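Participant: Can you build the whole structure from these sequences, using the hints too?
Chains A and B supply the protein sequences, listed in that same order.
Going by our numbering, the first residue of the first sequence is number 1, and it counts up by one from there.
Going by our numbering, the first residue of the second sequence is number 582, and it counts up by one from there.
The hints are simulated quantities; they were obtained by calculation from the structure and are not laboratory data.
Everything numeric in this text was worked out from a predicted model, so none of it was measured.
For each residue, glycine too, the CB sits at the ideal point set by N, CA and C.
Hints may contain errors.
[Unchecked claim] According to the in silico footprint, chain B covers these stretches of chain A (three or more CB under 8 Å from chain B): (1) 5-12; (2) 79-86; (3) 119-126; (4) 193-203; (5) 336-344.
There are 2 protein chains.
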Amino acid sequence: MTVLDKINSPKDVKALSTEEMNTLSGEIRELIINKVNTISGHMGPNLGFVEPTIALHYVFNSPEDKFVFDVSHQCYAHKMLTGRREYYQNPEKYLEISGYTNPNESEHDMFIVGHTSTSVSLATGLAKGRDVRGGKENIIAIIGDGSLSGGEAFEGLDNAAVLGSNIIIIVNDNEMSIAVNQGGLYDNLKLLRETNGKAECNYFKSLGFDYYYVENGNNVEDLIKVFEEVKDIDHPVVVHLHTLKGKGLKEAEEYKEFYHWINAGCTDPNAKSTTETYASLTREYLIKKYEQDKTLVVVNPATPGAVDLNQEFRDKLGKNYVDVGIAEEHAMAFISGIAKNGGKPVLTLLSSFVQRTYDQISQDLALNNSPATVLVNWGGIYGADATHLGLFDIPLISNIPNVVYLAPTCKEEYLKMLDWSIGQKEHTVFIRVPFAPLSSTGKEDNTDYSVLNKYQLTEKGETVAIIGLGSYYQKAKEVKEKLQKIGIVPTLINPRYITGLDKELLEELKLSHKLVITLEEGCLAGGFGEKIASYYGSSDMKVINYGAEKAFPDRIPLQTQLEKYHLTTELIVKDIQEALK
Amino acid sequence: MTVLDKINSPKDVKALSTEEMNTLSGEIRELIINKVNTISGHMGPNLGFVEPTIALHYVFNSPEDKFVFDVSHQCYAHKMLTGRREYYQNPEKYLEISGYTNPNESEHDMFIVGHTSTSVSLATGLAKGRDVRGGKENIIAIIGDGSLSGGEAFEGLDNAAVLGSNIIIIVNDNEMSIAVNQGGLYDNLKLLRETNGKAECNYFKSLGFDYYYVENGNNVEDLIKVFEEVKDIDHPVVVHLHTLKGKGLKEAEEYKEFYHWINAGCTDPNAKSTTETYASLTREYLIKKYEQDKTLVVVNPATPGAVDLNQEFRDKLGKNYVDVGIAEEHAMAFISGIAKNGGKPVLTLLSSFVQRTYDQISQDLALNNSPATVLVNWGGIYGADATHLGLFDIPLISNIPNVVYLAPTCKEEYLKMLDWSIGQKEHTVFIRVPFAPLSSTGKEDNTDYSVLNKYQLTEKGETVAIIGLGSYYQKAKEVKEKLQKIGIVPTLINPRYITGLDKELLEELKLSHKLVITLEEGCLAGGFGEKIASYYGSSDMKVINYGAEKAFPDRIPLQTQLEKYHLTTELIVKDIQEALK
Chain A
1 MTVLDKINSP
11 KDVKALSTEE
21 MNTLSGEIRE
31 LIINKVNTIS
41 GHMGPNLGFV
51 EPTIALHYVF
61 NSPEDKFVFD
71 VSHQCYAHKM
81 LTGRREYYQN
91 PEKYLEISGY
101 TNPNESEHDM
111 FIVGHTSTSV
121 SLATGLAKGR
131 DVRGGKENII
141 AIIGDGSLSG
151 GEAFEGLDNA
161 AVLGSNIIII
171 VNDNEMSIAV
181 NQGGLYDNLK
191 LLRETNGKAE
201 CNYFKSLGFD
211 YYYVENGNNV
221 EDLIKVFEEV
231 KDIDHPVVVH
241 LHTLKGKGLK
251 EAEEYKEFYH
261 WINAGCTDPN
271 AKSTTETYAS
281 LTREYLIKKY
291 EQDKTLVVVN
301 PATPGAVDLN
311 QEFRDKLGKN
321 YVDVGIAEEH
331 AMAFISGIAK
341 NGGKPVLTLL
351 SSFVQRTYDQ
361 ISQDLALNNS
371 PATVLVNWGG
381 IYGADATHLG
391 LFDIPLISNI
401 PNVVYLAPTC
411 KEEYLKMLDW
421 SIGQKEHTVF
431 IRVPFAPLSS
441 TGKEDNTDYS
451 VLNKYQLTEK
461 GETVAIIGLG
471 SYYQKAKEVK
481 EKLQKIGIVP
491 TLINPRYITG
501 LDKELLEELK
511 LSHKLVITLE
521 EGCLAGGFGE
531 KIASYYGSSD
541 MKVINYGAEK
551 AFPDRIPLQT
561 QLEKYHLTTE
571 LIVKDIQEAL
581 K
Chain B
582 MTVLDKINSP
592 KDVKALSTEE
602 MNTLSGEIRE
612 LIINKVNTIS
622 GHMGPNLGFV
632 EPTIALHYVF
642 NSPEDKFVFD
652 VSHQCYAHKM
662 LTGRREYYQN
672 PEKYLEISGY
682 TNPNESEHDM
692 FIVGHTSTSV
702 SLATGLAKGR
712 DVRGGKENII
722 AIIGDGSLSG
732 GEAFEGLDNA
742 AVLGSNIIII
752 VNDNEMSIAV
762 NQGGLYDNLK
772 LLRETNGKAE
782 CNYFKSLGFD
792 YYYVENGNNV
802 EDLIKVFEEV
812 KDIDHPVVVH
822 LHTLKGKGLK
832 EAEEYKEFYH
842 WINAGCTDPN
852 AKSTTETYAS
862 LTREYLIKKY
872 EQDKTLVVVN
882 PATPGAVDLN
892 QEFRDKLGKN
902 YVDVGIAEEH
912 AMAFISGIAK
922 NGGKPVLTLL
932 SSFVQRTYDQ
942 ISQDLALNNS
952 PATVLVNWGG
962 IYGADATHLG
972 LFDIPLISNI
982 PNVVYLAPTC
992 KEEYLKMLDW
1002 SIGQKEHTVF
1012 IRVPFAPLSS
1022 TGKEDNTDYS
1032 VLNKYQLTEK
1042 GETVAIIGLG
1052 SYYQKAKEVK
1062 EKLQKIGIVP
1072 TLINPRYITG
1082 LDKELLEELK
1092 LSHKLVITLE
1102 EGCLAGGFGE
1112 KIASYYGSSD
1122 MKVINYGAEK
1132 AFPDRIPLQT
1142 QLEKYHLTTE
1152 LIVKDIQEAL
1162 K
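Facilitator: Structure follows, in structure tokens:
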């Protein structure tokens, strides 16, 4: 029987000796490594936060005392200690729980969290709720050093500091963001580490916090001591822990960025893929462009790995590659500035994190028509955690005036769009990089993309027209082929522009078509298809929009989703037959 | 001839003596006061930044050296010194320029800016653009102390600090945000002022900046001295100026919040309106609620005046009223925390600033189904500056899953919705407070709003159904009345829910209607009507959607917009007749 076997709730942690806690740390680490290597997950941050989690549960009384784990990248040990160890001990149950905190799993989780920099604000709210109802519990936010660069974290700290009552902010400083930390703040954290927390110039104190520093943030005894000191404190306090990301797994301690998140089975930090992908295309294109034009600046907010901007790429571009850290809002305004002063900025980020920048797209970029290029990756329908969906970038981006949002369907279009966007001076351009295997026509794309909102009629038919947007153009083609087999010869359209209607073409369709089908890989509500439906609203043309419903599907297998949304070739063809009756 | 009469470009400032600059300050102040009192505008912040503006233009060489004015609240003097004095000197030309910086007016303005906390990021981008093209000019961001609480400003500072080249951040510390400053940072600014900038614990230094302090930020000579010192500096620097908000107008120095923005003709800070408005209703309702339930917490991000939460209200609620400062992201996460720990939060903010919180609505609130209430004010179509439109809240909010977004049409519905929302525990609820004179039915609303997406069929007719959303329900009624006069008896519907379809009712309409009209006071793209069009897409029902086009109309008179969008009763009736032919 292991020590963990005895832990059925946090109460059981309180009965452990120091020695048992150290043994427990080792057991937890082994389970983290095994599970992550099997089903993927956050390796480094979880390995680094084992001892602090044990010490937190030893000192505080969850769920009365409340923990908020920022971005949930460090919550595995917490889950194991709060009644969910079987999901780490038993490989058959690995997939039954989320990798993020989730109140549906346990009363020890306060929020569903998967985006960064939110914990301090959420915890400040919990503390305020406690205060107005006269509660006395401790409220504890746990935030990594990387997450501190996000604006929401700063806003939270600035407000938490003046709360006037108990709130404990645990800063888990493992000297890393997802990639290397970026920003002036990190020199201050370094200074604090080097002075054992004694430096007078202290970011947290400048915001008004009482402040504690623990040099060995992976030492259970030191941690218990400081947590006991701050427990039930009557004012806001920051406890700054110096921890080791990846602790206990040598490779993870060494290759910190690679081991932040591990894809199951992928354990060679130097592995190079030889498959051509949209990511490798992007990388190669940008390097070539940079070699010709030193005003190109590639910007990424803390997730270069996710978009395959490898170390070689970063080294090659040097100062023309800027990782701004977790700071998506800044990233959008930054590229607007670059574009307005002679640079050619390309920002590349993930669909889910575009959500952090609506106002910056609107005010900093679009309102100013700043000629910047933004590559939106991972947009689409897939079986992700509810916190990391790619469903909402089309409704979010495409309803902002002035933005040109392009949806390439293949390699050649993508490269042409990139080239046009970087070269032009009139528009803010977003490109939805297909989250799909590379598709190629083999023929160079000679489209002039400065003629906005011109759809491509790829095959002329009649009665039915299928408009397949971006990554779903392939699906549109499949539907077309299937229809042909039953004697319907439909028109096939590649709209390429998400942000505008080709009214001329849409009018033309009226002459020989009864039904228009739209296909988009994203949330229908507020999306592309609805605009086509609205356009034809007062005419006799019938329209069916296909896409995802407005929801937060949580780890729902892709096929299940597609069937639900009628997004299979068979179901679409059936619907068409029905509509034509 | 005044001194200002000689200033046709910033170059002319350089020829002035100190005495002339002081005279010029007085002249500029007088023009600010006259213009703001005549056509409304930002009084206090502009009065406080006259000397710094003169000194900046004396030392730096605009437009080669580039200024970015945060939120543009302090740009009037800059406009007067950069060839636009006639628009302040000649009352007939008052309205011909924007109250915000605008590159379409002058090469001395770098961006259209009207939302806060963006200047440092934009300037960092300008600096990066300069660096990659090998330029040498100074880049200067000018940001108020109030704007520093916004997350984007922090992200910008954190990144600007590691730029490695010239960037000069002028912090215009007038000890005020729009209302009183909120947050721990402001104690640090106070400490810096009290120690003449000498305190070791220094927010800006903690982020890595070189730092200068000027106690008398309204003294031209002191300012010129420090600006000359930092001109052409080769690294990031903060110049912290202590200025006086409202300087030169006694009342503005005293009543700083009231004089931040002045409505023409409104000069009594203690004036009380006796007219009943949605704002006064809200205030009274919330006070009554608070008296019954001390877990109610009213939250506002730095704009209590704009939503009429007067000092009396704030005093009455005490700790149950929280102004979080300019920190909209925090505000959303904060109310989620309050709701999850026994409090009943109500956040009230403006449509234009909801834009700063998409991800927080999605991840912090909606994904967690946190039972918080958010009041969205100033949503609608009106002749505002392009930076302050109310057009986009429906597309932004209503396409986020789980959110219930309600559109009351009158006082009674509004109060019932508020009451339901605050009492319930299942949903994140937004309410679009009509930006219109109070409308009242005189009859209590007994609707059970927990039955989601149930539209109200208010008048049963045939052939045509008019769905009038929220503030445009009145317009729908007018259309109905006009139609009746020409022999069409339409059905009238008050949908009340922006975020869902009443499919049962929509199906029923098919039986005796040919045409459905939707009216919404906002951007059509991504909005309410398109969903109705999509719903009916495959049926014989015709649909016409009315609302604003996707654009940033800049100070376009309301009537011009309405005609363009066919949003007048006459044009709608014409369209209906056409469609029924």
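Participant: For every hint, state whether the structure bears it out.
Facilitator: Against the structure, the hints come out as follows:
1. Only residues whose beta carbon comes within less than 8 Å of a beta carbon in chain B count, and the segment 5-12 of chain A has 0; fewer than three means the coverage is violated.
2. Restraint check on the segment 79-86 of chain A versus chain B: 0 residues with Cβ-Cβ distances below 8 Å, three needed, restraint violated.
3. Closer than 8 Å: that is the beta-carbon criterion, and the segment 119-126 of chain A has 6 residues meeting it against chain B, so the requirement of 3 holds.
4. Using a Cβ-Cβ cut-off of 8 Å, 4 residues of the segment 193-203 of chain A lie near chain B, which meets the minimum of three, so the contact claim holds.
5. By the rule of at least three residues with a Cβ nearer than 8 Å to a Cβ of chain B, the coverage given for the segment 336-344 of chain A holds, with 8 such residues.
Comparing the model with each numbered hint stated earlier shows that hints 1, 2 do not hold.
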